[in-house]
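Sequences and hints are given; from them, build the entire structure.
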Amino acid sequence: MINMLLKAALTLVILTRMVDLYPLEVSRGPASCPVLPLGLNLPESQRILPSDVNEDLFRPERNQRPVPDLLKSILLSPTSPPTVPSETSASRRVDMLCHLDRVYVRVLKSLFNNPNAWQYLKLGTCPVNQARDEHYYFLYYLNSCNVTRQENENEVIYSNTLSYEPASTELVVRELPFSLSLECHYNKYYRSYQFGYMPQMVPRTVFWRLDTGFSITPVDELWKPLASGSSYVIGQPVYFEAKAPWSPEGQRPYLNNCYISSAIGSTPKHTVLNNYGCMIESKKSAQTKFYASDEKNTLRFSVGAFVFKDMISEPAENKVMAIHCEMALGPEKPTPSLKSCWYNMDTKRWSELYGEDSVCACCDTSCPAPDPSGWSLSH
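In this text, residue positions in the sequence shown follow this note's numbering: the first is 3, and each later residue adds one.
Accuracy of the hints is not assured; some may be wrong.
Unchecked claim - Okay, the calculated beta carbon distance ranges per label pair:
1. GLU136 to SER165: 18 to 28 Å
2. ASN118 to SER217: 23 to 33 Å
3. VAL221 to SER263: 19 to 29 Å
4. GLY231 to SER263: 13 to 23 Å
5. PHE180 to VAL221: 45 to 55 Å
6. GLU177 to SER232: 50 to 60 Å
7. ASP296 to ARG351: 20 to 30 Å
8. ASP296 to PHE180: 47 to 57 Å
9. TYR188 to ASP348: 40 to 50 Å
Hints are computed from structural coordinates only; laboratory data are not their basis. Glycine residues also receive a C-beta, built at the ideal position from the N, C-alpha and C atoms.
Have a look at this one:
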């Protein structure tokens, strides 16, 4: 009887405290069958409101004290049944996935009668960038395509519009335009009940801001930083050095897109690089190109100096322009999605800085978007 009580007490301790990481061995005749102790049925994570953030409950203290009831309710949170979105005709026709730093939208081709419908279908200001047998696809960074960002106490919301505006020069209209509002909602606060848990909206993607070490610096022809207040002559090259804070083994930085504006965040905007690494300005200016660097975390390039029409009559001190670029870390060997291509006016061909020129073949059409997982990003 005493042995049975001791075994029961031991089992209770194991089930309650979860301290034994190895299975109990229970004799069942000549052979042994391992039995794992039952664990608590906890959710993977749980969304919470800002008012539910109780950091003081987890603050270390001297000595010991009973576990507060509020902390017990947090640690032993019941599992919430997963929410299954209702499948409607609209969700089947237009599907949307919100990742940590980008948005993925697909649209059924059967919605349209026009085989060239992709030319008139846009997500905000962004065109279709892939098409297959049944769907048109959009894959763009979350803060691109003229997206609108809103924030409240609980969520960050990114909204945009999927629009279809078919062109028609005839007296009759065979297709009607439409627009559909799309939103990505990101909860601000979570409780995690698994070590290393990441919300499912994160596909192994890490988002970096410029203040983490990514930078673009104006330099001279010897790649030395320029003094403050330096000026340029129209038509002459303006040199830049883009740097990542580090260069992981087998990786180097790339530019996905760059544009120049008359001031930070203003319009008009002139695109100098797009299509995931195509320096389109090099087709108009021989001073625009990439340059090799011995440092793997550095990407060097130049842009022929220009000025916007509405700035011509302004005094020299007001002719200030800013460059905005989106950087990515990718494999050392360039791909059509991660590359450094410029147009060589002498050979009349696209050239790649470190790899095969063939990866630049898509620069005059549409290049595939990078794989949404496994690479770092800075804007």
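Hints versus structure:
1. GLU136 to SER165: 18 to 28 Å: holds (21 Å)
2. ASN118 to SER217: 23 to 33 Å: For ASN118 and SER217 the Cβ distance comes to about 42 Å; the hint is violated.
3. VAL221 to SER263: 19 to 29 Å: holds (20 Å)
4. GLY231 to SER263: 13 to 23 Å: At roughly 20 Å between Cβ atoms, SER263 and GLY231 fall inside 13 to 23 Å, so the hint holds.
5. PHE180 to VAL221: 45 to 55 Å: holds (48 Å)
6. GLU177 to SER232: 50 to 60 Å: Given a distance of about 53 Å, which is inside 50 to 60 Å, the answer is holds.
7. ASP296 to ARG351: 20 to 30 Å: holds (26 Å)
8. ASP296 to PHE180: 47 to 57 Å: holds (53 Å)
9. TYR188 to ASP348: 40 to 50 Å: For TYR188 and ASP348 the Cβ distance comes to about 48 Å; the hint holds.
Comparing the model with each numbered hint stated earlier shows that hint 2 is the single one that does not hold.
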